[in-house]
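Asks: Residues per chain, in single letters:
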Amino acid sequence: MTNTLPKTASRRWNQRDYAPWLFLAPGMLMFMLYVIFPIFQSIWISFFEWDGLGPKTWVGVQNYVDLMDDDSFYTSLTNNIIWLVLYLLAIPAGLAVALFLNQTVTGIRLYKSLFFFPFVISQVVVGLIFSWFYAPDFGFLPKVIGFFTGTEVAILADDRFATYGVIAAGLWPQIAYCMILYLTGLNNINPEQVEAARMDHAKGWSMLWHIIIPQLRPATFIAMVVTVIGALRSFDLVSIMTVGGPYGSTRVLSYFMYEQALSEYGVAMGYGAAIAVVLFAIMLVFITIFIVRMLQQERNA
Amino acid sequence: MTLLKSLFGLGFAFALSASTALAGELVLNSDQSDPAPKKAMEELIAGFEAANPDIKVKWNNFDHEGYKSAIRNFLTADAPDVAAWYAGNRMAPFVKAGLFEPVDDVWASAGFNDQLKSAAASMTIDGKKWGVPYTYYQWGIYYNKEAYKKAGVEVPKNWAEFVAGCEKFKAAGIDCLTTGTKALWPGAGIFDYMNLRVNGYEFHMDLANGKVPWTDPKVKATFTEWAKIVPYITANHAAIDWQDAAALLSQGKAANYVMGNFAVATFKDGGMTNDTLGFMVFPEITPGIPRAEEAPTDTFHIPAAAKNKEDAKKFLAYLGSAEAQTKMNATLGQLPVNNTSTVGDDPFIKAGFEMLSSAYALAQFFDRDAPADMAKAGMEGFQEFMVKPENVDAILERLEKVRQKVYK
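So the sequences go chain by chain: H and U.
If you read the first sequence in our numbering, its first letter stands for residue 158, the second for the next number, and so on.
If you read the second sequence in our numbering, its first letter stands for residue 50, the second for the next number, and so on.
Pulled out of the complex, with its shape left as it was, chain U reads as follows (with noise of 0.2 Å):
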C-alpha cells in the first residue's frame, strides 16, 4: 500500500514539474543596465506578456560590459531562449560557430523583409537572417550651446571652423572635445567618423576588412587631421568612463562630444535640457566625399540551444513589429528599425531621422565593422595616439603587425 501511495505521488510530481515546462516561460538574456534601456525593456516585456498572456518572460539583466564576456559562456553552457547582441561582423563568429538558429521564417511570416529593409543586409550571413534588429541610433556630435555662448564660438559648418573653435574653447578655459577612453570603444567613434570624413565609406570598410594596409597614406591622413584636434580633448580621457565625460560635458567644462544618441538620457540627467543641448552632424573635411554615418543596430537572437524556440520565435515577431518598436524606441530616444514606426517629437531623434535617411551608407562602428581582435588592437592604438601623438608612426605599424596576423 504504502508502494503504491509512494508511486501515485511520485508520478504525480513528475506531471506537476512536465506541466510547469509547458506553461510557456520565456528566459530571455539582455544586457541592459543603463537607465533608459532597462525601462524600455521592462515595458517591452510587460507588452509582450500583456500580448501572449500564456508565456511568462524570466528576464536575466547582465551588466553591459559584463554581459560581452558573458554571452559567449551561455551561449555553450546554459542558453536562454532569446539573447541580445548587435548586428553585422560582430554576430558573425556565433553564427559561424552555430551558436545562432536562422529565422528566416520569422521575417516572412511577419512582413519584417519590407518593414525592417534598412536593416536587413546587416542582419544577413551566408544568405539567411540571423536574428531581429530592434533599434539603431545615429552618433554625431552633440555640444553645449552654453559653453559655446561662453566662448564666444559660433557653430561650425566644416572642419576648419571646428578646429579654429576650438582654439577660442582652449582660450575660455573648456575642453573643445571630450570623450572617455577608459573603456576604449567611444575613441574609435572619433577614429570612425574621422576616417569616414577624410577617407570616405568605401576606404573605412575596406580598412575595417583589411584590405587597406594601415601604414597607407591615406590612413595617415586621417591621423595627421586628427592630430589637430587632439591637443584640445580632455587631458585625462584615458582614466575615465564615458559617463564621467558626459558629466563634463553637462557641467559646461568641455564643449562637444563625439558620442551616439543613447547618451541624450544621460546628458538631461546631468541638467541638461533641449535648449542647452545641441546636436551636429560631423563636419565634412575633406569636400565632395559623399557624407556615410555611424548606424550600430541592436538585436535579439535566438541561440541554436534554446529550450522554448516556439516562444522565442513569438517574441521576436512581437519585437520587430511596429508598435513596440516605436514604443520602445521613444522611451530608448533611439530611432526604430521598422520603417513603419513613429518617430518621436523628440528633436535629436527628428535630426537623427533626417540625418541616416538621408545617409550615403551606414557603418556599423569600429568594434562591429572590424573583427574582434583587430577592433580591440586599433582601439589600443587610437587611444595611444589621443594620449601620445608623436607616437602615430609606431602605433600604425603596429596596427600593420596585427591586420597581418588576424586576416589570414
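Bound-form chain H, shown alone (with noise of 0.2 Å):
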C-alpha cells in the first residue's frame, strides 16, 4: 500500500482486521448469552435447594451427595450406558443399508426418500407410533410375540423390556440418518482407488474393509457423534413412550432432571441442576474426545 492517501488505508486495514469479529459479534453474543451463560447458571443453581418459585437455600454439594445416595439415579446412569452401547448399532445398520441402496436402479430415489422419512418425522409421532405398535389388546407386536410364544408381552409395561423397546423406537431414526451420511459418502468414493482394487481381484468384505470404509472415514466420525449425542439426550421418547416408567425404570438422565425440576411433581430445581451438571460432565468426556480428533485431522490434513 502506498502513502498518498494514508487516511483511507489506514481506514481499509483496519476495517479488515476487525470486520470479522463485526460479523461474529452477533453469532457469540447469542452463544454467550444462551449457551455459555446458562451452563454456568445451572451449575450455581446446583448448589443452591430451590424449588423454582420460592427463595434460595445454599445447600453446597449435599444435592450430589443425596444423588450417591439415589436409586434412580444408578437405574438412569445404567440406562443412558445401555442407550449408549446399543445406539452405537445405529452406524453399522446405517452403512449397511447405504450400500444396499447405493445403486442404480429405476426408482432408486424413491427408495431413498422412504428410508430416510422416519427422520424427518418429529421424535413424538415416532414414539407415539412405536408405543401404539407394542400396546396391549391392540398393537401388532404383541400379537406377533403371542403368536410365536403362546402369551402376549406388553413391552413396555416389563421393567425388563421396556427400556430395548423404547430404544427400538430411537434406532429407527437413527439409522436412517447414519444411512443419508453413509450415502454422501460413498458417492464420494474415489473410483480409481476401486478400480486399482478390482484389478488385485479384490471383491466384497475384503473391499468394503480395506477400501470401502477407510475412505468414509469422516462420515463414521460424524455419524458417531451425532449417534453419541442422540443417545445421551434422549428425552422425547421416554416421555411419550413412558413417561419413565413402569415405576421409573425407563428413567435416563435427561428425563431424571426433567421430572425432578421442571414436571408437575418437580419441586427440586437445584437437585435437577445436580443431574444436568452430571450429565454435562458425561458429554463433555465424549465431546473432548470428539473435538480432539477433528483437530488432530485438521492438522494432519
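Be careful, since some hints might not be right.
Claimed, not checked - A few chain H residues that face chain U, going by a derived Cβ cut-off under 7 Å, partial list only:
1) Pro-293
2) Leu-313
3) Ala-314
4) Gly-402
5) Pro-403
6) Ser-420
7) Glu-421
8) Tyr-422
It should be emphasised that the hints constitute simulated quantities derived from the structure, not laboratory data.
C-beta atoms are modelled at their ideal positions from N, C-alpha and C, and glycine is treated no differently.
Mind assembling these two chains? They're in different frames, but the hints should get you there.
Replies: Next up, the structure:
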C-alpha cells in the first residue's frame, strides 16, 4: 500500500482487521447468552435447594451427596449406558442400508426417500406410533409375540424390556440418519482406488473393509458424534412412550432431571440442576474426545 | 407540517391502543382438554360474557397433563387474569411463593362463606382464601352390570365378597379391577381407598402429611389387603392410560374401575348407559371405621401478577354463583360446591351427592394431600406394587427414605 492516501489506506486496513469480529459478534453474543451463561447458571443452581418459585437456600454439595445415594440416579445412569451401547448399532446398520441403496436402478431415489423418511418425522410421533405398536390388546407386536410364544408381552409395561423397546423406537430414525451420511460418503469415494482394488482381485468383504470403509472415515466420525449425543440426550421418546415408567425403570438422566426440576411433581430445581451437571460432565468426556480428534485431523490434512 | 401530522397520528394510535386495553379483556388459562369439561367451560364463558357484555374473555385452553407443568411458567412469566388449579395442599406451593392473589373480598361480597362452606377449609391457607372452587366429584367403584351378569357375580356388600367375586371374574376371563397407571395417578386412587378403609381418615391424612412412617405395620396392613386383589387387576395397566382402561370397562373386558365421576362421560362414549353402568361405594374393609370418601375439588385462582384483577374478581364471583355452578356441573357430570345449587337427575350424581353428604370426611386425593415429591414417589411405588406385589417391603422402605428427605 502506498502512502499517498494515508487515511483511506489505514481505514481499510483496520476494517479488514476488525470486520471478522463484527460478523462473529452477534453469533458469539447469542451463544454466550443462551449457551455459556446458562451452563454456569445451572452449575450455580445445583449448589442450592430451590423449588423454582420461592427463595433459594444454599446447601453446597449436598445435592450431589444425595444423588450418590439415590437409586433412581443409578437406574438412569445404567439406562444411559445401555442407550449409548445399543445406539451405536445404528452406525453399521446405516452403513448396511446405504450400501444396499447405493445402486442405480429405476426408482432408487424413491426408495432412498422412503428409507430417509423416519428421520424427518418428529421424534414425538415416532414414539407415539411405536407405543401403539407395542400396546397390549391392539398393538401388532404383542400379537406377533403371542403367536410365537403363546403369551402376549406388553413390552412397555415390563421393566425388563421397556428400555429396549424405547431404544428400538429410537434406532429407527437414527439408522435413517446414518444411512444418509454414508450415502453421501459413498458418492464421494475415489473411483480410481476402487478400480485399482478390482484389478488386484479384491471383492466383497475385503473390498469393503480395506477400501470403502477407510474412505468413509469422515462420515463415520460425524455419525458417531451425532449418535453418541443423541443417545445421551434421549428425552422425547422416554417422555412419550413410558413417562419414565414403569415405575421409573426407563428413566434416563435427561428425563430424571426434567422430573425433578420441571415436571408437575418436580419441586427440586437444585437437585435437577445437579443431575444436569452430571450429564454435562459425561457428555464433556465425549465432546473432548471428538474435538481432539477433529483438531488432529485438521492438523494432518 | 409533516411532523405535526406524524405526531398527531402517533398520538391517535397511542390513544387507540390504550383504549383497547380498557375495553375489558380477561385472559383465562385452563386445562379442560377432555370433551365434557371443555363444553362446560365454553358454556361458562358464554354465560359470563352475556352477563358482562363489556368484558371479552380470551380463553387459553391447555392440554390437561401439560397444563400442570405450564402453570409454573406462566404464573411468573406471562400471568393470565384467571388460572385453573386445585385446592388444598396442591395450591400451597403457589400460595407460599406469593403467586396467587387472596380473594377474601370476593368470598365476602358474594356470600360464598355460606354458600361454598363445604370447600372453605380446603381453600384457606394462613386464614385467607386463595381462589373459588366450582366443582368436586366423587370417587368410587364404577362397574359393568353386564360383566357381573355374565360371570354370575352379585354386587358385593363388603370386602370379602368383593375378593370372592374377583375369583369368579377370573374364571370368566374378565379383569375384576381395571386401571391405567401410565400417568401414575389412577393407582393412587386405589391406594387412597384401601388406606381409608383399612386404617381410617385420620391415619391416611397423617400418612400424607408425613407424620407416620411408611414402614408402620398399619401401612403394611393396607398393602396386604391390596395384595388380595392385585392378581385380578388388568395385567398391562402400567402401559395404558386411564382412557384405555375405561374402554376395557365399556367393552365388558373388565368388571370394576376405581375412578372419579368425570369418567362417566368417557364410559358413556364407549357405549355404556345408565342401565349397564353401575356405581358403588368402596366396600368396607375394617369394620367400624367411619366412612371417608375422596372428593377432589377443582378451582379457579387469580395470579398475583394478573393485569386485570377487577374483571377477574367479577369472573370468580360469577363462577361461584349458584346458577353458574348448577349449569356447569350439569354438563360436567359433577357436583356443585355451592350448596344452593341444584343437582341434576343423573343417577350417578344423585348417588355421589348422597355419598359425599353423608361421608365422615373428604380427602382430596393423594397427589393433592401429599407434597409433590412425596406424591410422585408414592405413586410410583403404588404402580410398582401393582406389577410386582412381592416387592412391597423394598417399596415401603424406599418411600420411607423419601419421606425422611421430603418432610424435613
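Asks: For each hint given before, does the structure comply? Return the numbers of the non-compliant ones in rising order.
Replies: Of the numbered hints, all hold.
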